[in-house]
Amino acid sequence: MVGQIVRKEILENFLSLRFVLSLLLVILIFAVSGFVFISKHEQQVQDYSKNTNQSLAYFQGHAKRLYWIATLNHQFYRKPKALTLCAEGFEKSIPNCFSFNAFSRDYPQLKGRTNALLFGFSDVDWVFIISLFLSFAALIFSYNSICGEKETGTLRLILAGSMPRHTILLGKYIALMFTLGVPMLLGILINLVIVISSKNITINTAGWLKIVVIVFLSFSYLSIFVLLGMFISSRTSRSASSMVILLFLWVGLVILVPSFGRIVSKTFQKVPTQAEMQRIVSELVEQMYQDSLAGKYGENASNAAPLESGICNPPARARMFNSETDEKNKIIERHLNQMTAQVIIGRRFTRISPAEIYRQACETIAGTGIGRFLELRRQISRYQADLKDYVRSRDAEDPNSLHLLYDEMYTVSLWRSISHNPVDFDTVPKFQERDLALGQSLKLAIWDIGLLVLFNLVFFAASYVSFLRYDVR
Amino acid sequence: MIWKIAKKEFLLNLMTFKFAVGAIVCVVMTAVFMPILVNDYEQRLKDYNENVAANEAELGKVKVYKNITPTVYRPPNVLSVFSEGIDNQLDRSEKIDIFGGSSIILEAEGDNSLLSVFPALDVTLIFKIVVSILALLMAYDVISGEREQGTLKLILSNTAARYKVLLGKLIAGLMTLIIPVTASFILGLLILLSSNMISLTGREWFRIALMYFASLVFVTAMFNLGLLLSCLSKSSAISLVFGLFLWLFLVTILPNSSAYIASQLKSIESAEEFSGKVKAVTDQLGSEINELTKDVKGSGDAADAPGAFGHTYYRLCEKSEMDSNRKKYSITEPVKIKYFDKVLGLKEVHLNYLVKQKQFADKLAGSSPIVLYENLMSVLAGTDFGNFKCFKNNVRTYGNEVADYIRSKTENFASTSYFTPCKEGDYEKVMGVLYKPVMDAKDKEKKAKLLEAATKRYAQILKETPSLNLQDFPKFTYQPQGIRETLQQAIPTVGLLIFASILFFALSFMMFLKYDVR
Chain A
29 MVGQIVRKEI LENFLSLRFV LSLLLVILIF AVSGFVFISK HEQQVQDYSK
79 NTNQSLAYFQ GHAKRLYWIA TLNHQFYRKP KALTLCAEGF EKSIPNCFSF
129 NAFSRDYPQL KGRTNALLFG FSDVDWVFII SLFLSFAALI FSYNSICGEK
179 ETGTLRLILA GSMPRHTILL GKYIALMFTL GVPMLLGILI NLVIVISSKN
229 ITINTAGWLK IVVIVFLSFS YLSIFVLLGM FISSRTSRSA SSMVILLFLW
279 VGLVILVPSF GRIVSKTFQK VPTQAEMQRI VSELVEQMYQ DSLAGKYGEN
329 ASNAAPLESG ICNPPARARM FNSETDEKNK IIERHLNQMT AQVIIGRRFT
379 RISPAEIYRQ ACETIAGTGI GRFLELRRQI SRYQADLKDY VRSRDAEDPN
429 SLHLLYDEMY TVSLWRSISH NPVDFDTVPK FQERDLALGQ SLKLAIWDIG
479 LLVLFNLVFF AASYVSFLRY DVR
Chain B
1498 MIWKIAKKEF LLNLMTFKFA VGAIVCVVMT AVFMPILVND YEQRLKDYNE
1548 NVAANEAELG KVKVYKNITP TVYRPPNVLS VFSEGIDNQL DRSEKIDIFG
1598 GSSIILEAEG DNSLLSVFPA LDVTLIFKIV VSILALLMAY DVISGEREQG
1648 TLKLILSNTA ARYKVLLGKL IAGLMTLIIP VTASFILGLL ILLSSNMISL
1698 TGREWFRIAL MYFASLVFVT AMFNLGLLLS CLSKSSAISL VFGLFLWLFL
1748 VTILPNSSAY IASQLKSIES AEEFSGKVKA VTDQLGSEIN ELTKDVKGSG
1798 DAADAPGAFG HTYYRLCEKS EMDSNRKKYS ITEPVKIKYF DKVLGLKEVH
1848 LNYLVKQKQF ADKLAGSSPI VLYENLMSVL AGTDFGNFKC FKNNVRTYGN
1898 EVADYIRSKT ENFASTSYFT PCKEGDYEKV MGVLYKPVMD AKDKEKKAKL
1948 LEAATKRYAQ ILKETPSLNL QDFPKFTYQP QGIRETLQQA IPTVGLLIFA
1998 SILFFALSFM MFLKYDVR
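Residue numbers (this note's numbering), protein chains in the order written: chain A, 29 to 501; chain B, 1498 to 2015.
Because the hints were derived from the structure by calculation, they are not lab data.
Treat the hints with caution; some may be incorrect.
[What the hints assert, rightly or not] In silico DSBU-like cross-links for lysine-lysine, where the CA-CA straight-line distance does not exceed 30 Å:
1) A:LYS139 / B:LYS1776
2) A:LYS324 / B:LYS1953
3) A:LYS139 / B:LYS1839
4) B:LYS1839 / A:LYS78
5) B:LYS1774 / A:LYS78
6) B:LYS1763 / A:LYS107
7) A:LYS324 / B:LYS1944
8) B:LYS1941 / B:LYS1960
9) B:LYS1592 / A:LYS358
10) B:LYS1776 / A:LYS458
11) B:LYS1776 / A:LYS107
12) B:LYS1953 / A:LYS358
13) A:LYS139 / B:LYS1853
14) A:LYS227 / B:LYS1763
15) B:LYS1960 / A:LYS358
16) B:LYS1558 / A:LYS358
17) A:LYS324 / B:LYS1941
18) B:LYS1853 / A:LYS78
19) A:LYS36 / B:LYS1731
20) A:LYS92 / B:LYS1774
21) B:LYS1763 / A:LYS139
22) A:LYS78 / B:LYS1763
23) B:LYS1774 / A:LYS107
24) B:LYS1592 / A:LYS139
25) A:LYS358 / B:LYS1543
26) B:LYS1776 / A:LYS356
27) B:LYS1776 / A:LYS78
28) B:LYS1889 / A:LYS139
29) B:LYS1886 / A:LYS139
30) A:LYS107 / B:LYS1853
31) B:LYS1558 / A:LYS356
32) B:LYS1933 / A:LYS324
33) B:LYS1953 / A:LYS356
34) A:LYS356 / B:LYS1592
With the rest of the complex left out, here is chain A (with noise of 0.2 Å):
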């Protein structure tokens, strides 16, 4: 019996307006987002390879020595993602090159051709689609579901006969998500089509799992505005203010909830400007010079002459420095910790909306936006570790050398505190960023998989009891 009007609702749908406006549309914006994504992405994987390049150079040249490698900058820039293609994550507006020694980090840094003036618009991806398109489109096709048919008469017709309720109500929703999954898939494939033939994107097998449980999710969202749509057509008796009340709701949803988060970060969490911040390093430098002088590291911790004068006291400076970099560390990483927080918490907030918990699931998944860009962090300090330990390890040959580690190339130099032996480089740790696998992505995106799977489950027992109660009359 479901059968048979899940094949009728098709049918009917397929021969609607909005079927073949959304089907049209839907595809021609899915094909235009690939086309762009290509030309973007050979963009940013050529910028990307040059700068790279670029920088590993630089380090490969100037660290001929251990002490170098300890104590020179290097830069390392964000790799660009195929996956972006899915969900984009807002990455063109988070910092992409990330600047640190054995030692300290700098604030990462937002490099290469972005357009701050063009930030408040999103990349049109598959997330951005789905999110808004399909899900209205969703509305539009459920809209009228329970009380269209009541106006037009044909649910007194349906329920005289000995159907239950929920075979009808079950049989509209599988409808439902067929028709609309049509357009999706349809786009999906060609927008995967268009991307594939470019030579310069390939997908590997993970990446190949990762679209797959995006496209589930998708599934599932869409799957929440239907049964919104069933919902509210099956509280009203006329289509017009099912009509009127759903797409206030999507407005709201959709729209107006992800606009708050930025209104509700800056409520809940505050973060000190970036003058403030170079006050506060000011002030730790001064405090730090004065902690010198009242010998809180040691006799001539601030003379930097050479060990044969005498005066000179390296271990002393060692704490010094290893104490200021500290600190610093501790200022810039807080405040970094600050800054995520603060858009932690409006994303928190705008998971009210089905559209942001999706949108996240979906970044998490595709490992984009903000969630990669704390992964990156965490990923770069290990290397940091790593790449002391490395240091040390190497200096601790040398008998020659002070055994210092501290970040102050004049003295480090000077003294040789770490050794000068020559480094062959290929020995010397580098930073690779690495994906996280699809079990890791997953449990991360635990709660907002979670939270749409309660969406679904909320409004379809909604729309199940009211449509039980509905007075077909």
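Fit chain B to the given chain A structure using the hints.
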């Protein structure tokens, strides 16, 4: 007759469910958004005042003219609560570092660039989304709906001319839509004025009036668009579906796609390319200076004391060093000023790339009345690029003023006060008292002790060094775009919106003349 139809339609509209929901959403959202936006503005104003005060305090610590590199701040714009524009995406400050040159180009979201992951929030958002959809909802069934109910036949069977019916419906629709727009504006203004940190100037009131007018023009255009759709189809369901898809396309898909496409079609200079160019200029500067000063000995910037604005200076300077540095600075600084201008020129070129890309995106999306309206509101609120450019020009002028000031105070950079407060003989005096015993001491331990004491005494001397008297130092004033320039920019867009309105209405009229009312 027109008025009779308008009155009847107006009353009918007021009783509809969609009007009730739309108007309530509008007013409630203004009531919720506005206090948050005002609060945000107050915070920005507070930050601005703090930054300006901190800059003043730092100026008070300046010991030598060389170190005068103040930062100027762009005051927050109160009208950004109505339209944020690109105000938050552009840098709020600029360092006046004539002799160093800075490389900051555009900074997103001043304090936390990561916040760019959220879309902008302002009053324009309510209008462009909620009011535009309400306008479409009010208009989609104006003709097709009446046909379905059969009332259109009745009206037209009388002597009422078709144009009168259409005009009557237009007037009624507009009268209905004015209500939520006006209510939101009044409520928004009341909330804005209830803050004791905010007082609006006459110019700002005028701008708000213009924004209100622009909103009405926009609402008219959207209503006429709905009217056209209603006249195009026989069934209101079809005009609704068309209208909604069109709305979605205009409000989200077109602007975002345009920006996405523009970012690829109109290539910009990358940050690395820009810094490469700046580096080339500074390298050139370096070699020019080397060339000019190859016979001068002075050690230049290798100074011995921490100074204001994160710089250093010479507290103690030997006579010969003083002379050679004086000579050196008098040669190098005028050259540096020339290069500062070059770097600013490069920045302007880079900025132009970005602006052209944005303008290209706007052009691509220009067929959407919603995009036109959004840009219009940011022009009227003064949060568009034009005002940012004013800030940049002000900064340039101020940079020259600062340079002139320093020039006049330091005899064209040839005075020692430019780089040191040290007077002739100071060096020998202090060195003799403090460091000579250290040099003379034979015992290592004693030497270290004496050095420690000398370092402490020297720190005391640094503390006691008097600051410069900068009472007549030029003050930075930010002069935003005047009303005339704003109007010059806004009038074409308003004209376009009015033209779109008239075009939509004319087309509806043509379609309605041929409309089969059966």
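Output the numbers, in ascending order, of every earlier hint that fails for this structure.
none
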